[in-house]
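Asks: First to last, the sequence lines map onto chains H and V. Quick note on numbering: the first sequence equals residues 1 to 246 in the working numbering. Quick note on numbering: the second sequence equals residues 1001 to 1417 in the working numbering.
No wet-lab data here; the hints were simulated from the structure. Keep in mind that this is a model prediction, so the values were computed, not measured. Ideal Cβ placement from N, Cα and C applies to all residues, glycine included. Some clues are possibly wrong.
As the list claims (entries may be wrong) - Quick list of simulated restraints, FRET-style, between CB atoms:
| no. | chain 1 | residue 1 | chain 2 | residue 2 | range |
| --- | --- | --- | --- | --- | --- |
| 1 | V | L1022 | H | N82 | 30 to 38 Å |
| 2 | V | E1021 | H | E232 | 53 to 61 Å |
| 3 | V | R1403 | H | L79 | 17 to 25 Å |
| 4 | H | A186 | V | R1416 | 27 to 35 Å |
| 5 | V | R1416 | H | H208 | 18 to 26 Å |
In case you want the letters, here they are:
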Amino acid sequence: MDNILERPVVETVKLSKRYGDGVGTWALRGVDFCARPGEFVAVVGASGSGKSTLLNMIGALDRPTSGFVKINGQDTSKLDDNGLAALRGGTLGFIFQFHYLLNEFSVLENALMPLSICNGGPTSDDVEWVKSLLKRVGLADRMKHRPGQLSGGQQQRAAIVRALANRPKVILADEPTGNLDSQNGALVFDLLRELNSLFGIAFLLVTHDDRLAQEAERIVMVEDGRIVADYEVARVEEEIDDRPIA
Amino acid sequence: MSKFEFKVAWRHLLTSHGQTELTMGAVAVGVLLVVFLSSLINGLQVGLIEDVVGSIPHITVEASTPGATPLWKIPGKGGVGGLVVTKLEKMSTQKRKIRQWQRVSDTISQLPGVEAVAPTVEGSGFVSRGVKNQGIIIIGILPSEQMRVMSLKNRVLEGDISKVDQQNAAIGVKLADDIGATIGSRIRLTSDAGITQTYKVAAIFDMGIDQANDAWVYTGLRSAQALLNVGKDVTTINVRSKSIFTADKVADQIKSFSPLLVTSWMDSNKAFLDTLRSQNTAAVIIQAMTLLASAFGVASVMIVFVVQKARDIGILKSMGATARQIQGIFVLEGLGVGIGGALLGAGIGTGLCFLVQNLYLPGETFGGKPATIIPMQWDISYVLAASAVAIAVGLLSSVVPARRAAKLDPVEAIRRG
Ligand SMILES: Nc1ncnc2c1ncn2[C@@H]1O[C@H](COP(=O)(O)OP(=O)(O)OP(=O)(O)O)[C@@H](O)[C@H]1O
Ligand SMILES: [Mg+2]
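With the rest of the complex left out, here is chain V (with noise of 0.2 Å):
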């Protein structure tokens, strides 16, 4: 390809009448609702499945409880003998201790797609604040490692979840409501091995499903392995993925090595996985039917060109162009008009997602933040996809014209045009 193909190619888009500018506009509107659909779809995802899933870990990994396991497969059977049913719940939700868990914790840490690691005591108990009792779970928990496992921090509707240690505890918005704590309150648990011990309210959350804002208890990890009597083990450990899609993957390393029972996000959230791979799905054919009517512009445009052009084309050949020579100066037009038009749309599809994306409902919040009307989540890879499949696309849609413009006889063209 030399500078005479460019030349030729650029002069024709320069001067082609509004034709450059139209296709450029048809594959630029390409572009733009990729990376506008895409923004927008990820969005709406990255919130759902933060509504869904935010409050658990991606992986949580724990010492398998065969004892419990048969009881949950008896359907029907909960009313004869309460109380041995309650006790044997009572003992299911007793949950095992990691053996070496220090170890295991290590190992799953070095994994590469492992972003952290955070270990926790879980065990059942109830609260107590005046002359009200209400049964909960005790969580202990390292608060900075913890937080590098799930997002708790636009979780705290109050108070400081960091502050979470022997003294301080972080109870759910729904619990504190019950008892009538706010921050600063004192409150005591009682866990099921009979130890007690006084906290202060130092953080409010709400997780967003009701189980952890009724229940849930955070302390301090070794507070907790006090209360609960376990010295210095703990129950589970919770991973983080680097991707949150790549969860299952990440368990199934983790599952390679170690007999413990490990659940990523997903096992649990099947159904729901399965409607954003629907949703995911339904986005991509549409994108794919945006990017070729594209091409279809694109291709009819070229074909218009190589039939305006069919008498220069003949004059290049007569002064010693090669086929291969038209060729490259059409393909590099469809080329052009893709860039150009890749450019444009991207250009536009972002400014309109950080339009869309600072859009806010007036005096209405979300987790602490101004709520935005449309939740988008514009990413580089999507301006990048779009705009590489779009280039594609005008090159590819040129190929077929291009031909035909180097396959022409001389003189049928020079006669012709």
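Just chain H, with the same shape it has in the complex (with noise of 0.2 Å):
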């Protein structure tokens, strides 16, 4: 509740997207958003309503065609393409459907990339700290190998720590549990929220599974590029079946 006095850390004001010329498609039609540091977001709606757009505009990953983003209260799109390459180093974590991770590299060095690529190099603090989380993750021996050698579950826990290794203030995670079954997807969306509470990094989660969206703090739901619905889930232990979405 504190937290609410605080800074927004994402802020989206009249965000729109239009994909091709002229006409095209609105993706997005004046979004509004604001998530406040460490809050939990899942974002919803149906296939096409904009929620992967949404998550590339705040993640720097594409420009806006109207509206702008603010992160930690600066407006990305005043910066040029070095400075939003500096903000998704160092500010932002991305978490994808699917790993994406190197294969040319260990699952430690996939881990350590952000490291690699924005600070020169990691330190050995850097290391210590990626590799306690590769632990925390049940990744520990699983460190030097490929990520090919390694299931489902385990190629998106080290993502996920790959995400973390910068020590960002958000995290934007697109369909993360999409492509695992539901125990492991279980299991990596209560590592987010574990991990989300243990370092109050804000976490925004596009989820199409609406009992992993009711473990979130606050859901938003999107429908043709606006956000439709936006509230903070009701948690009463014994009501946990109670579903606010019909």
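Join the two chains into one complex using the hints; note that each chain is given alone, in its own frame.
Replies: Printed below as a string of structure tokens:
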């Protein structure tokens, strides 16, 4: 509750995105959205509603057609390509539906990659920190393996550690459990939730799994490029089956 | 450029499932061809030049003989009054002395492009052995200096040319045949001045041209000066330039301060030189084509790399990699392929050159040494030049694909890949 007074770590103002020239497709139509530091937000909505587009805009992977995004109070439309790269490397972390680990590198090297890119190489402290994360997600004995030698769930956990390596303020996760079976999905989700509460990183998580969405603090529903619902999840132990969404 | 780019480029090259090796092979073949072709052409040309001009100095400096010149320009009149013509011809072959030749020689030897200088005195006469007489050209030399100006040593078939002095002479192989002389034979030389002197044959040479093998007789400088009755004068200063191909430039330098008649081997072998030059041009074109083919090879594989790695590029960008870093990775890969190919090609090319160089024709000799089948002349400069070009080619042909990689839109790249 004390977070409410804090400056939002993510803020979008009239964020719109049109794909293609002329009329094109409007993937986002004036989205105003805020996320506080450490908040865990589930983004839900039908396929094609604009969830990925929203995350990509917030993640500075793409530039909006109009409106703007502020990360940590910084208007990203004012940044040049190098500024955006620095923002992605320093403040943001990405987790995708697929692990997208680089096959030429070991699990540990993959997890260290953001530090190699941005800070001219990880320090020994960094290495220790990433190793402790890998241990925490159950990959202690898989660090020297190649990604191809891991199971799907292990790969996704390695990708999660990679997203955390740079100690980001915000993690953008686009269907991180979408490619996993329900058991592994739940495991990864719990892990994200745990890391969220441990490190106070804000999570924006797109999911099609309503059950998982219920575990978030807040649910944002996207429909046809607009936010149509945005509410805190009531957390009552006994009423866990009461789903707010119809 | 940080460790990150090197590491990604290196790992990528190592795990490309044969593509790296193939491209390096293409570059290597280019470098190999250039090294081999250059060595071969150089070997052939040096051999040719040796054959054609090895028996004359790079540059000769003589007193001009204006009186003789008009005679050469009268065509077809040789038959008229044979005696007169003969006499005039004799006058023309009787070269004029160089004034203060010592000073001229010192000045020339200090020019930057000059390697060695040697004076000679020349005049005509005849040789007699038993009943046989034959017209000759007497050439007085300082053996040790003359040998620095011309490659005399490997022209000697028998004996030792460095012994040439007051009592010892060197004669051409054909002359030796004609008068039946061998090493140690005594011969009598008589100059046009009417002076006679006896010599021992110390060496028999083969200059590769009939005129020389037929008529040239080397004696010591002093001895020849006495024989020709010219006191301490010389008729020619022979010059060796540092490179055979800069002889004309050195000749021009000498001309700039001396009114003497300066002739470089290039002046007297224009047609031959033109042949060599067009041969060189052809070789350069072939080599350029080869390297161009390598360039296309590198470029096409780099483009494939970029397409294959599109998703990785997107992921790296999502982790904060800048366009510059991405470009750096692919440029480094091109550079790596260039360096690897250059090393490989230079190594194999050099090995091949030495292998071929040491193929001898069984039982046959050339100039006293075993005759090689293919005269190769390998030079480190070919390796360096070919490698430098190959590396530059690798670098340049990766720039365009690297730019493309750098410009990839991360969202697109991740989606497509
Ligand atoms: N690169 C693109 N070019 C053209 N149209 C696009 C592009 N990316 C997305 N769109 C369109 O924008 C709209 C929103 O797409 P988006 O990927 O954000 O949906 P989503 O909510 O993530 O869907 P899903 O749940 O299936 O992943 C869709 O209509 C889609 O067709
Ligand atoms: Mg999506």
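Asks: Against the structure, test the hints numbered earlier, and report the numbers of the ones violated in rising order.
Replies: none
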